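S.K.: Generate the whole structure from the sequences, applying the supplied hints.
Number of protein chains: 2
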Amino acid sequence: MRNRVFIERVQPELDNGRYFIKRVLGEKVHVSADVFSDGHDAIRASLMYKHEDDKEWTEVFMQDHINDYYTAHFRVEKRGFYHYKIEAWVDRLLNWYKGFKKKHAAGQDMAIELKIGVGLLQETAKDYKDANKIKTFLGVVEMLEKEGAQGAASQFVLTDEFEQMIIDFPMKRFLTTYDNELKVRVGRHKELFSTWYELFPRSTASEPGKHGTFKDVEKLLPRVAEMGFDVLYLPPIHPIGKVNRKGKNNAVTAQEGEPGSPWAIGSDEGGHKAIHSELGTMKDYKKLIKEANKLGIEIALDLAFQCAPDHPYIKEHPEWFIWRPDGTIMYAENPPKKYQDIVPLNFESDDWEALWEELKSVILFWVKAGVTIFRVDNPHTKPFRFWEWAIAETHKVNPDVIFLSEAFSRPKIMAGLAKAGFQQSYSYFTWRNTKSEMEEYLTELSKTTSREYFRPNFWPNTPDILPYELMGAGENQFIKRLLLAATLSSNYGMYGPAYEYMENTGNTNGKEEYFNSEKYETRYYDWDQRNKITDVMTKINQIRKDNAALQSTWNVNFTRTDNEQIISYIKTTEGLNNIIWCIINFDPNETQYGNVEVPRWVLDLEGREINLRMTDLLTGDVYYWKKDVNFVKLDPNVMPGHVFKVEVLTKNIAQG
Amino acid sequence: MRNRVFIERVQPELDNGRYFIKRVLGEKVHVSADVFSDGHDAIRASLMYKHEDDKEWTEVFMQDHINDYYTAHFRVEKRGFYHYKIEAWVDRLLNWYKGFKKKHAAGQDMAIELKIGVGLLQETAKDYKDANKIKTFLGVVEMLEKEGAQGAASQFVLTDEFEQMIIDFPMKRFLTTYDNELKVRVGRHKELFSTWYELFPRSTASEPGKHGTFKDVEKLLPRVAEMGFDVLYLPPIHPIGKVNRKGKNNAVTAQEGEPGSPWAIGSDEGGHKAIHSELGTMKDYKKLIKEANKLGIEIALDLAFQCAPDHPYIKEHPEWFIWRPDGTIMYAENPPKKYQDIVPLNFESDDWEALWEELKSVILFWVKAGVTIFRVDNPHTKPFRFWEWAIAETHKVNPDVIFLSEAFSRPKIMAGLAKAGFQQSYSYFTWRNTKSEMEEYLTELSKTTSREYFRPNFWPNTPDILPYELMGAGENQFIKRLLLAATLSSNYGMYGPAYEYMENTGNTNGKEEYFNSEKYETRYYDWDQRNKITDVMTKINQIRKDNAALQSTWNVNFTRTDNEQIISYIKTTEGLNNIIWCIINFDPNETQYGNVEVPRWVLDLEGREINLRMTDLLTGDVYYWKKDVNFVKLDPNVMPGHVFKVEVLTKNIAQG
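Keeping their order, the protein sequence lines are chains A and B. The first sequence begins at 405 in the numbering used here and counts up by one. The second sequence begins at 405 in the numbering used here and counts up by one.
Be aware that a few hints might be false.
Pairs involving identical chains hold if they fit within one copy or between any two copies, as the list cannot separate such chains.
Below, in silico cross-link-like pairs of lysine-lysine (DSSO-like), each with a Cα-Cα straight-line distance of 30 Å or less [stated by the list, open to error]: (1) LYS719 <-> LYS742; (2) LYS915 <-> LYS506; (3) LYS816 <-> LYS489; (4) LYS741 <-> LYS505; (5) LYS594 <-> LYS690; (6) LYS816 <-> LYS694; (7) LYS614 <-> LYS839; (8) LYS459 <-> LYS489; (9) LYS772 <-> LYS677; (10) LYS741 <-> LYS519; (11) LYS576 <-> LYS764; (12) LYS741 <-> LYS507; (13) LYS816 <-> LYS506; (14) LYS506 <-> LYS741.
Treat the hints as calculated values from the structure; they're not laboratory data. Note that the structure is a prediction, hence the values are computed from the model and not measured.
M.R.: This is how it looks when you write it as structure tokens:
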């Protein structure tokens, strides 16, 4: 009870330490806290961290700011979990040192003060084990103790060298420790930086009317790689239910020969561990994975834990489903609507443990087959505690496995899934259509606690969603949304062919759905087609690879323009080694003009001249900006935005 | 692991449940949380609370709002501690009921649905013990089960009566409980509503040059009571140190006969349990307490845990102090300054437990003598953990004891002390001088988490502080600050005689101190004097007693005016039984004119006519306000503000 210091409001800390935060290799963890004590004594605080494999904690002295606010950071260099905590104490040695300087400045007699200091130094020395440290320390003590050395001793105490020693050798007594099981999980780089292309494998055949196969997909890999994508995501590849199969445009009954929705999983041909025979075999799938990997592409599997009415589980495990008093099974429903092609799993089943184990075995089955990325369908309709467990269990087998949460739901639901462990999450980007909406949303994602656990993945479209913004839209609008997604978020993706070939016809029901949705039919695409979208896609993906500034979502800085249609944001790497400045016109129809301010604080130009070489990486055009405010003109018919690489040409002279 | 609901962001919760929140008898505790689950099932949440003496929890169903936000409240009716927690669950019965209504509306066949409902009702009935409840319940089940009753049964399910039953009989399965040791301490009314007058007992003699005594103070009690104060606070009454005693105006050495500062406690005549002999005896002090109580006044003791150099502790317990290598004691210091009349206690002493016990014994000594209120001097220079313990220990003996924290320090320090248990705290009111500063500060105090633990006490002056605002100030300014303190905060006080008689001369050192401070000398006051300040004090204190709206600090609503010098705020009791509307002119020199808006949302006048009788309780003037915006004129030479009692004359007719 002699520890006098309090540590409060520690950040980051999720729900009283209930959840870990997330980083990828090389990222920093910035920790802050309120640290205070009674009285006026000098207090110090240290951030302590260690990797789960380490025995010793590493210490970082925290910096104090105004109003008892302390900060420090550490960088994560190893995969796995790090622990962190805070220690704080009243530092008698530092307290003495501060008083010494003031008293000396006031011309007081320092003899007794020196004696007190020697005593404190001797006491402190006992705490240290490092022989060199102790030697330095005791040398100083001896020097201060020398008779007649009072003047010299006082002078020595006032040196920077001595001050550094006081800082390096804190005198810790009556420590207060804040240790709320704070953890950070360190994943691979791709958790933060990935570029997704989604296509239906059945629509990859080389001629119309044929069902595509994994072999067809394999042929497309060079195209996908050339466009710069590193994740190829295929909707479910399992046998599609035959009972209550849906037809074209979600018709209640399929016509003979209609393929059905791949999300209606399971039939007499097998369930979640089987492959839809028309796509090929397990061997083909494994080969696809292998060939893709050679080109730097990972194949993402769709994990949709729901069953068609003829899924084998229903007979094998009737206890995993809900049965009505008339002996019929309960379909998925949103009363009064029933979805007869889908049966939900009952996670409240008395046999829930076996159900969890089975679903885990599904995940591990595919991990064993080589799958390293899962796009999880509707995870918010299964218990979050299940995901938390399943993801952790999977990571025991392979910590490289990435789970993307496909939950377009309410904010707390989406946050809850991310906290449960999903490394990436679908986001509201799809519905952020104005400059102010976009700035507000990115600020929420990147400048609040959200960034500690929720990594957004920006999708301008999905097979489920043709947003109103893209209905009837032309090329300019498609390019604009592409540029925004690719530069604002380090994770982005698209339902590829529909985007490339600008499908823009909405469903007749008025919802944000595609007309003639590919979910219910097989398409034929002429994959040799290229257009301006394809070109910009290819270009922007290359730009993302070449510029580390675009490989994070947290480093965005919005800057001022005088036109509400023109958004401007700068992303930089540490030390400003790489600077990307995007300026994009929200208006797909008209040329917009405006002035853009150079944010001196972002570019370390405070008090210095402005001299920037601005190279537009989309066009190759070069501009020189030398003023605080610079004029831009954006004709959406030419290109809806600039993606500038910025070189600071300002001479590196310190200025008065 | 089948509990699917999550409960997050519970409010109020202080530092992960580390501290209790505070209420007085009759106040409400408003609890909120984010509550959500996977899927689309109906979920419910309950706030559970119980007094520490109760065995059973009381349940309040929480209301759901937008975005998974839930709220409920309970009222504290007993002294001591209440516990509270939240339970939430997926309610299958409610889920079924909601689906039933939708399916029925869609004209579906309800036979199976009724059977499902009966099953759920039967299962739920098993959870209840209350015979009457079960009877009602089973009656309904029987009715629904009756053959041929399908039409009638469906109709019954759609009645309000049935809905109420579904609400009253929740079907709890797989509960999630949020139980983070959340507690509320319920104190007596005076913790929230008190009116303090401070005087130096030595300055109460009936003629100049004499040392005042407790008997003299006793004679003043009727005056203090007549002015409407219910706490009379006396600076320390213990023997004053003779060694290194301070002289007039804080002179380093006292002249012969100078009395010294009462905060330099202890001499050869005794320490913290002794009484300064010139004031009288313990018997006199007890009599003073008794006589005061008869008039509704409590005598507050100053608790200043520090020692004069001749305090008996120093010889008896040298281990409680810090000694320098030359054998001298360490005085209080703020380097390079030394305060030779004060020696601090060393709470890091190896003998800290004995020190804590001794200090506790000091508190309990005075509690036994009849003291029920302590004004604690500089609590922030003693460990917060000590206070947390000492206050809790005191409350075991007498839960009525109130501790006021005299810490004018940084925000987190002041908050830390309040969280440690102080029921009242000095505040920054003293330095909030403009309308916007005052609105901002009161909003922080009354509309943020602060209100759960920090009860401000507003003092316009103290013996230590003559704020710049009052230096050289005239009567108008003194009345203005008095009205603000007395109406904004339900706890307020003043260093009485200096305020009443408008001492306004600042110290020559330029600090916010009194010239010829009473801390270092004995004064003579002609207590028969009354002036306009005395009159307004008397009046406003009576108004506070008569109007419950002024007996809380949390109920303030600032309303709009069009003049930055005119502040307007309304305080109301629940149900608008008492409404006080203060409109005050910040300008002490000039008459200010302005328009004041009637806030319809505060006065429950939305969509209704405005018809208010406004009685100025300071002057007796009556106005009728019938418009949204009303004109006011405030001449500070007449009265710097209105304190209106508002009567709503609007007829109580519901309007379209």
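S.K.: Decide, hint by hint, whether the structure agrees.
M.R.: Here is how each hint holds up against the structure:
1. Proximity of LYS719 to LYS742 under the C-alpha cut-off of 30 Å is restricted to the intra-copy arrangement: shortest distance 21 Å within a copy versus 87 Å between copies.
2. Taking CA atoms no more than 30 Å apart as the test, LYS915 paired with LYS506 passes between copies only; the shortest distance there is 21 Å, against 73 Å inside one copy.
3. Taking CA atoms no more than 30 Å apart as the test, LYS816 paired with LYS489 passes in both settings, with 27 Å inside one copy and 20 Å between copies.
4. In the homo-oligomer, the alpha carbons of LYS741 and LYS505 lie at most 30 Å apart only across protomers (13 Å), although the nearest pairing inside one protomer, at 78 Å, exceeds that limit.
5. In the homo-oligomer, the alpha carbons of LYS594 and LYS690 lie at most 30 Å apart inside one protomer (21 Å), although the nearest pairing across protomers, at 76 Å, exceeds that limit.
6. Proximity of LYS816 to LYS694 under the C-alpha cut-off of 30 Å is found in neither arrangement, the shortest distances being 38 Å within a copy and 58 Å between copies.
7. Taking the shortest alpha-carbon separations for LYS614 and LYS839, neither the intra-copy value of 44 Å nor the inter-copy value of 77 Å comes in at or below 30 Å.
8. In the homo-oligomer, the alpha carbons of LYS459 and LYS489 lie at most 30 Å apart inside one protomer (15 Å), although the nearest pairing across protomers, at 38 Å, exceeds that limit.
9. For the identical chains of this complex, LYS772 and LYS677 are intra-copy neighbours only, at 11 Å inside a copy versus 78 Å across copies, given an alpha-carbon limit of 30 Å.
10. Taking the closest pair of Cα atoms, LYS741 and LYS519 come within 30 Å of each other only across two copies (19 Å); inside a single copy the shortest separation is 85 Å, beyond that limit.
11. For the homomeric pair LYS576 and LYS764, the shortest alpha-carbon distance between copies (28 Å) is at most 30 Å, but the shortest distance inside one copy (48 Å) is not.
12. In this homomeric assembly, LYS741 and LYS507 come within 30 Å of each other (Cα to Cα) only across copies, at 8 Å, whereas the closest approach inside a single copy is 81 Å.
13. In this assembly of identical chains, the alpha carbons of LYS816 and LYS506 lie at most 30 Å apart only when taken from different copies (26 Å versus 53 Å within one copy).
14. Taking the closest pair of Cα atoms, LYS506 and LYS741 come within 30 Å of each other only across two copies (9 Å); inside a single copy the shortest separation is 78 Å, beyond that limit.
When the structure is compared with the earlier hints, violations turn up for hints 6 and 7 and for no others.
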